[in-house]
Amino acid sequence: MEKKKVTRRKFLKVAGTVGLWLGAAASSLLEACAPKPTPAPAPPEAPTPAPVPPEAPTPTPVPPTAAPTVVPSVRKDLVVGLHADVPSFGAFTKLGETGPKVNESIIRRLARVSHETFQPEPELAVEWAMEDPTTWVIKLREGVQWHKGWGEVTAEDVEYTINYIVENQAYKYGTGILNVDYVKARSKYVVEVKLTQPFLAFPQVTMDHGGDICCKKAHLEMGEEEYKINPIGCGPFQFEEWVSGSHVIIKKFPDYWNPDQPKVEEVVFPIIPDASVRLAALEKGEIDWMDRINGKDIPRVRELEGFTFENVPGWNWDCLAFGFAPYIDAKYVTEDFPTQIKEVRQAISYAISRQDIIDAVYYGEGQPSDSPIPEGFPGYRPWPLKYPPEGDLETAKSLMAQAGVDGFDAEVIGLATMPWHVQELEVIAEQVKPLGINLSITAVEEGMWHERWYEHNFTMGMREISMVSADTDSCLYWFHRSGAKHWQGWPNAPDEWLDGARAETDPEKQKELYIKITDRVIDECPYIFTGHVNVIRLYDERLTGFRPWRVYFIMTLDDVGWTA
Amino acid sequence: MVDSPTHESTMASILEVEMTAYLLRRIVQIPFVIVVTSLVIFLLIHLTPGDPVNEILGLHATPEMVRVWRHKLGLDRPLHVQYLSWLWKASHGDLGQSIRSAQPVLKLILDRLPLTFVLITLAMLFSLAVSIPAGIISAWKCGKFPDYAVMFLTLIGISMPQFGFAIILIMVLALRLDLLPISGIGLVKPLQEPWRFAQYAIMPVLTLGLGLTALETRLLRSCMLDALSEEYIRVARAKGLREYFILTRHAFRNALIPLITVVATYYALGMGASIIVESIFGIPGLGSLLIEAVWARDIPVVQGCTFFIAIFFVVANLVADILYVYVDPRIRFQ
Amino acid sequence: MSQGPRLQTERRLIGESEAARTIREFRRRKVAVASFFIMVVLVTAVILAPVFAPDPIAQDLKNRLQKPSLAHPFGTDYLGRDLLGRVIHGGRISLSVGLIVVAIAVIFSVPIGLVAGYFGGRVDDLLMRLMDALLTFPPLLLAIALLASLGPDIKNAMLALGLVRIPRFARLVRGCVISAKENQYVEAARSIGARDLRIMLFHIWPNVAAPLLVQSTISFAAAILAEAGLSFLGLGVQPPTPSWGRDISEGYKYLREAPWMAIFPMAAIMVSAISMNLVGDGLRDAMNPRLRGR
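Protein chains in written order, with the numbering used here: chain A, 1 to 564; chain B, 565 to 898; chain C, 899 to 1192.
Worth flagging that the hints you see were computed from the coordinates, not collected in a lab.
Quick caveat: nothing in here was measured; it's all calculated off a predicted structure.
Take these hints with a grain of salt, some might be off.
Covered by chain A, according to a simulated footprint, are these stretches of chain B (three or more residues, beta-carbon under 8 Å) [as the list claims (entries may be wrong)]:
#	segment
1	671–680
2	852–862
Here are the simulated DSS-like pairs of lysine-lysine, each with C-alpha atoms no more than 27 Å apart in a straight line [unchecked claim]:
#	chain 1	residue 1	chain 2	residue 2
3	A	K76	A	K94
4	A	K251	B	K705
5	A	K296	A	K433
6	A	K331	A	K251
7	B	K753	A	K485
8	A	K296	C	K960
If you want the ones that stay clear, here's a sample from chain C, every Cβ over 10 Å from chain B, calculated [said to hold, decoys possible]:
#	residue
9	M937
10	L946
11	P971
12	L982
13	A1046
14	A1086
15	I1090
16	R1093
17	R1096
18	L1099
19	L1123
20	L1131
21	Y1150
22	A1160
23	N1175
Using N, Cα and C, we set each Cβ at its ideal position, and we do this for glycine too.
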């Protein structure tokens, strides 16, 4: 029909114009994007350091690191499977668990504590000494270059990094950078750190955990935001690419000070959240290394042909935490709530069978333990200190009777992204039922976790604690001292002892204090420790050079290479 | 006489004006929809307990530091100021930066959006490829075995949860038969390795397309049956037209409009609904970006994703409207 | 040669009410009747769960991941819990969520649709705009945002799921009301001066009730699936309460070792959804005088 034809043609014209208009709008929007990963900024000119007369510090004998036998790697690529996306890079932000796995290869620390010998090894710092109880002097390695042409690592960078953390109370403040009064660069390679109190564990805590130095020049010129997506380090690998949710790529840094490291040239970190899928990828050869294996797969992969099953006792533990009134919001805990009674908490600690938990949730890969101090640290005593691993229901019941509590209902929170905790809570809930205690479990996701845990909004909670520094202080201080990071209101906190132990310069006296602290913790149960979980990794058996770190969030690739 | 030339051309131009006006009205509605959607999500996420600053700061941070960082991020401004400032920047193409990772939001989204879009489109094409023949056969052989078979299958299709279907596919194709990989699609470049990409994409595409296929088939079938029982079909049959002709030309036309609606709705909702499938197959797409951002209270990213989802919604509906008119010019512009 | 659909003229026994005729037509459809009985059995089993079903929460750590056997007809899960018990108890949650979600949708949509359809004009425009605004939301996105802000709780999940269904129901009601308005009875009632409310209740409502019922059954099935999806993401019921969706997400982790953990809850979801859909289909056919074989 005539009418129809005219209509249609005209209509298409209109539609075409509209379409072009939309297309133009869309393409201008798209222009504003950069679909490729952010490229590295152009490096500035090399700075000329101001000449400063050097001061030699009193040398401290430092145990020499055994030089690794230098065998080149047969292959130059490596694929490491991550279980979660990296939240961010950058020297001053939270890196989560997967961030450090990548980051440790990009940055270097002043010193690094070996998880085998428990001694700090030189890395960026070659010598360090305690001049007087509150002054530490560090001598840096010479000739270490920053990535991408940002110059040489000097004492100024150390000064800048530590001062920044203190001034901005940035991420490592309070855990790695403690009690710092000021930092001063004495010469190009010598730094002086002045503390507010003596701190024997300075090398382990500040030089290791707090010791990742950032490049002053790059940070100032790039700005914090740019630095976070384009980290500049001085390690054997340099940052190459990060596609959020998909993968991270790092490449060998050609000007690294040790010509024998690294052995591989490129490392790709694909992000595969599902553990079974990750395992399948490993078995197929799509990735070469993984961790965070599902407990149920462990019996099968222990004997898996062609793979190395690495399990080391972990410097971590699972614990059930109680909130105390009035620190915790009254909505969750009041002063007359049963969990405020010491005997009730002890009863729970007696009622649970830690062995069953380790077997059920971790398939035996762990050690039931009621003590906060893992083996090898000052103050360690073999477990069980008080509570038998299989549990003791009779004692538990009599303690409840002693407290005059028949039973009660309580809510326990656990982190949803750690389903093994939720499983553990399910087991615990079942184990305390005979006491008349009904636990309702709420699995909260990250954002909510912050809101509930750190804003004092919970009755009971389960968390996993990893020691960030190889020092007893880091497994006691932040949890058991009033006002400290993870303190949840325990009124009887042994503050004096904790402060004393930290500042104590005599190791024997320190050990005594730690024992006293532990005894009180075991007795009063502000936390119920269930056990140390083994850190398990699985990788292609042709790979060597992995160091058996006792925590999940450290990974060094310096000497990793292929033998076949 | 009604058929005089002047009358016809007048009618044509009136129609043209109506059309243009209608289209313009629809286009004007686009920003309205985007604003409403983003506003509601903005309010919701701000009402959510949990502070995005926690993702950046150490836990030892004092209230003072929290205050400083909130100020830096602009989180202490009144809500309407925050929203309007976001809206202004967004309309100029600046979606801000992720609080958590500092990556530009636009980059984050554009890194992940194409994958989701490709998978959804593939699922849609697959569903059409299956549902059109199935619907036609079912209507043609109404009451006989093929019809019952199709009806049975589609019944299963609308009664099975998406993740259930995904699990069955995984169990059979990936675990038992070891034919297909389950996850890792993020690392495959579709243009460079199309075959490998296809292997990773088959299961997610089937899963995404399942419900849609079943729905489309049923819809097609019932619309065609409706049409087939109309008078004019009997007339056409009486005139001796071939069955095939009747089916495809006349009966099928009747189904086109609802079909377009279903597909448009699928696109409109699909970008937001792929979350479950992405989570099962480890696909780094828009859905997983969104849900991670919600968990981390990463407000700029949530807003950015919502922005894109809303855009998809209106564009899909607009395209559907244009197609309606193209298919059936009898439609009046209301 | 295609047969085309069978046409049937409306058959009505003398003095029979609309409802009775519908029921009679429904009973003629064997499939729909069978599905109805399946639903009844399911609902009864679920209501009587505390009485006879095995404890879904009792753990038996020595007997984890057991295959289905006489002692545990559906097998056991990763903590040794009986799956039959979990599926039946899980049904309480899933089916009641489906019911409440539909109830929320109906309760809100009926007044909206009635008012919009009956009064028309500006009111209609405004209400339908509101419904459109609600429709633009990707339902899952809204549910996640709501649950993140209110907490992952079964009540909030029901609220979120119900909310996004309101527009569809409201449109349906409105459509029925509009077509019913044209009805002779309404005109007659108006002409003798009956009040609006009376007209709405007695003349319009019966026309609305039928399609509403059909839509409800279909929506019920969809709500079960949606709740399962939310639980799968961890946003619904919290452990250790059994829920079909959550159990499937746990079972997914053990797919290789213990596929029955995922299979049985999934079968339960499908049986419920299929039978509900078939009941809805049967109802729709029964109410429609011309059999279309839909």
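Status of the hints after comparison with the structure:
no.	hint	verdict
1	671–680	holds (count 5)
2	852–862	holds (count 7)
3	A:K76 with A:K94	violated (30 Å)
4	A:K251 with B:K705	violated (63 Å)
5	A:K296 with A:K433	holds (26 Å)
6	A:K331 with A:K251	violated (52 Å)
7	B:K753 with A:K485	violated (45 Å)
8	A:K296 with C:K960	holds (14 Å)
9	M937	holds (13 Å)
10	L946	holds (24 Å)
11	P971	holds (21 Å)
12	L982	holds (19 Å)
13	A1046	violated (5 Å)
14	A1086	holds (31 Å)
15	I1090	holds (34 Å)
16	R1093	holds (32 Å)
17	R1096	holds (32 Å)
18	L1099	holds (31 Å)
19	L1123	violated (5 Å)
20	L1131	violated (7 Å)
21	Y1150	violated (6 Å)
22	A1160	violated (6 Å)
23	N1175	violated (6 Å)
Hint check: violations occur at hints 3, 4, 6, 7, 13, 19, 20, 21, 22, 23; the rest are consistent with the structure.
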